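Colleague: Just need the whole structure built from these sequences, with the hints factored in.
Residue numbers (the working numbering), protein chains in the order written: chain B, 692 to 986; chain V, 329 to 585.
Simulated from the structure, these hints should not be mistaken for laboratory data.
This one's a predicted model, so the numbers in the text were calculated from it and none came from an experiment.
Don't take every hint at face value.
Subject to a maximum C-alpha distance of 30 Å in a straight line, what follows is the list of computed BS3-like cross-link-like pairs (lysine-lysine) [as the list claims (entries may be wrong)]:
1. B:Lys885 - B:Lys982
2. B:Lys869 - V:Lys392
3. B:Lys982 - V:Lys441
4. B:Lys869 - V:Lys352
5. V:Lys392 - B:Lys879
6. B:Lys862 - V:Lys392
7. V:Lys472 - B:Lys879
8. V:Lys441 - B:Lys862
9. V:Lys446 - B:Lys885
10. B:Lys869 - V:Lys467
11. B:Lys885 - V:Lys472
12. B:Lys982 - V:Lys467
13. V:Lys525 - B:Lys869
14. V:Lys352 - B:Lys798
15. V:Lys392 - B:Lys803
16. V:Lys441 - B:Lys879
17. B:Lys982 - V:Lys472
18. V:Lys424 - B:Lys885
19. B:Lys869 - V:Lys362
20. B:Lys869 - V:Lys446
21. B:Lys879 - V:Lys349
22. V:Lys424 - B:Lys862
23. B:Lys869 - V:Lys424
24. V:Lys352 - V:Lys392
25. V:Lys446 - B:Lys982
26. V:Lys349 - B:Lys862
27. B:Lys885 - V:Lys392
28. B:Lys982 - V:Lys424
Given next are the chains, with one letter for each unit.
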Amino acid sequence: MDSSKFNLKLNNDSKNRIVKGFIFQALLILSVAICLLGLGSLLFEILREGLPWLSWHFLTDFPSRFPEKAGIKSAIFGTIWVITFAALFIIPIGVGAAFYLEEYARKNIFSKILEINISNLAGVPSIVYGLLGLAVFVQFMNLGRSVLAGSLTLALLVLPIIIVISREAIKSVPDSHKNAAYALGASKFQVIQKIVLPQAIPGIMTGTILALSRAIGEAAPMIAISALVYITFLPTTPMDRFSVMPIQIFNWISRPQEGFKGLAAAGIIILLIILLLMNAVAVYTRNRTQKRSEE
Amino acid sequence: MTGSDTILSVKNLNVHYGEFKALKNVSLDFTRNKVTALIGPSGCGKSTLLKCLNRMNDLVPEAKVEGEITFENQDIYEAGIDPAQVRLHIGMVFQKPNPFPKTIFNNVAFGLKLNGFKGDIEEVVETSLRQAALWDEVKDRLHKSAMTLSGGQQQRLCIARTLAVEPQVILMDEPASALDPIGTIAIENLMRDLADKYSIVVVTHNMQQAARVSDYTAFLMMDDDRAGYLVESGETDVIFQNPQDERTEAYITGRFG
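Modeller: Shown next as structure tokens:
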């Protein structure tokens, strides 16, 4: 009614504010759209080029000079070998380091410096780790250009990631739960084993999977330690030579013949599928362990 | 107070957190099977005193405890004493309900499993939940998450969890301050019931609560140096109706704090 004491209607000022809100929202949507567009066009291009080359024999054949005959079998198996061994190294060492830093290390300047360094290590270019691996594992430790040397190099590369994420997971366990356990007569080890670890496992799993996903896509350090491109056998021991998928893809892309471009795209598709599978397995196990820890 | 009635005894207790002195020269005895309330203004060291009684203060970095605390005539700060064993006999209930993110059953069974209990776990869980006046409310959902309980129920679950390991003393740090009036009354009634079997020390901000539930009351306060000290202690009726020290009277009548 006109006789109302207060004017509650839209006025110019409030209209202005609403318009500003809309503009801001539109800008946010635009940035999301740009991200999705980039990703989408990449994916579209890869699928367009790669799908015609995907076939059963692509998975089961070794590389070849002829694009029609070439397969990615040795690279897939090499990747599985290398990632499996890398996981065997990084999970115990990374989680152990995270628990030490979070639960045992005294908080002083030394631990602070250590902390900053670990975060910085996560940002070091991967080729540097490749050269380190070449010098330490391949030559000094005399492991040769083997699966073991490759997985140790990748383990070094991604350890900071798993340490940082695991620490966050450990830190997020509330003190009140730890105190409750202490008050029931738990020792420090029991508190970590029965309270902290079960609650931190979902976060640790996320860290592990992120670390391994990074490792699986790395080509540079593998090139540095000279993993092979053209191999027509599968590794049977950790000391055998190997190839990995990113190297195979890199190699195919750099060839002049048109057919290899399609092969590279097909290789990327397979790599993406393996990554998605790894993530799916991680999410599944994470949900399961979470449920079990809450029983 | 005769010697055998005293279950816990504090003598000349001084506590520092780094440079900061939190408690000075506190001497106080706690009587068996009675409820003793620790009252005083915020920051006077009530909670610090409580945490010293079962060595939970060990977990605070830079905490330093001097003086003597004896439980059944045994110095709990002596070399060779296992704090975990001390805490088995002197349990603790915290200010905010802090059940584990596990099932109700496993919350109560936690302490038993921790200490390798060999008997009938289900029986102890039931007895503990009954003692904590929670059994009837949860008996049909023992294997549901403890997080589904209300705040007051969670706090009674925490009490049941403490009872399950059969302590002699139960320390309670403002156990009802995070609860609504109904939850508070339930906890207060429970404290009275538990005093038949257990010795209880409760920190509280609530004067009426101290008057309602406790047999003995100790009043702590601090001066400008912020180091807490004991002003007086004695039977709750005497402290509340006829305090010897005018500071006590000022505090309980609400003139400060």
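Colleague: State for each hint whether it applies.
Modeller: Taking the hints in turn, this is what the structure says about them:
1. B:Lys885 - B:Lys982: holds (15 Å)
2. B:Lys869 - V:Lys392: It holds: about 21 Å lies between the C-alpha atoms, which stays within 30 Å.
3. B:Lys982 - V:Lys441: Answer holds: lysine 982 of chain B to lysine 441 of chain V is near 20 Å, not above 30 Å.
4. B:Lys869 - V:Lys352: holds (28 Å)
5. V:Lys392 - B:Lys879: holds (19 Å)
6. B:Lys862 - V:Lys392: Since the Cα atoms of lysine 862 of chain B and lysine 392 of chain V sit roughly 25 Å apart, the hinted pair holds (cutoff 30 Å).
7. V:Lys472 - B:Lys879: Holds. Lysine 472 of chain V to lysine 879 of chain B sits at ~27 Å (cutoff 30 Å).
8. V:Lys441 - B:Lys862: This hinted pair holds, its Cα atoms lying about 25 Å apart.
9. V:Lys446 - B:Lys885: Cα-Cα ~18 Å, so holds.
10. B:Lys869 - V:Lys467: Judged against 30 Å, a Cα distance of about 26 Å means the pair holds.
11. B:Lys885 - V:Lys472: Distance ~19 Å between lysine 885 of chain B and lysine 472 of chain V Cα, so the pair holds.
12. B:Lys982 - V:Lys467: holds (21 Å)
13. V:Lys525 - B:Lys869: holds (27 Å)
14. V:Lys352 - B:Lys798: holds (28 Å)
15. V:Lys392 - B:Lys803: Roughly 24 Å separates the two Cα atoms, so the pair holds.
16. V:Lys441 - B:Lys879: holds (15 Å)
17. B:Lys982 - V:Lys472: Within the cut-off at roughly 12 Å; holds.
18. V:Lys424 - B:Lys885: holds (21 Å)
19. B:Lys869 - V:Lys362: It holds: about 29 Å lies between the C-alpha atoms, which stays within 30 Å.
20. B:Lys869 - V:Lys446: holds (24 Å)
21. B:Lys879 - V:Lys349: holds (27 Å)
22. V:Lys424 - B:Lys862: This hinted pair holds, its Cα atoms lying about 19 Å apart.
23. B:Lys869 - V:Lys424: OK: lysine 869 of chain B and lysine 424 of chain V at ~13 Å, within 30 Å.
24. V:Lys352 - V:Lys392: Judged against 30 Å, a Cα distance of about 12 Å means the pair holds.
25. V:Lys446 - B:Lys982: holds (26 Å)
26. V:Lys349 - B:Lys862: Holds. Lysine 349 of chain V to lysine 862 of chain B sits at ~29 Å (cutoff 30 Å).
27. B:Lys885 - V:Lys392: Distance ~28 Å between lysine 885 of chain B and lysine 392 of chain V Cα, so the pair holds.
28. B:Lys982 - V:Lys424: holds (24 Å)
Checked against the numbered hints given earlier, the structure satisfies every one of them.
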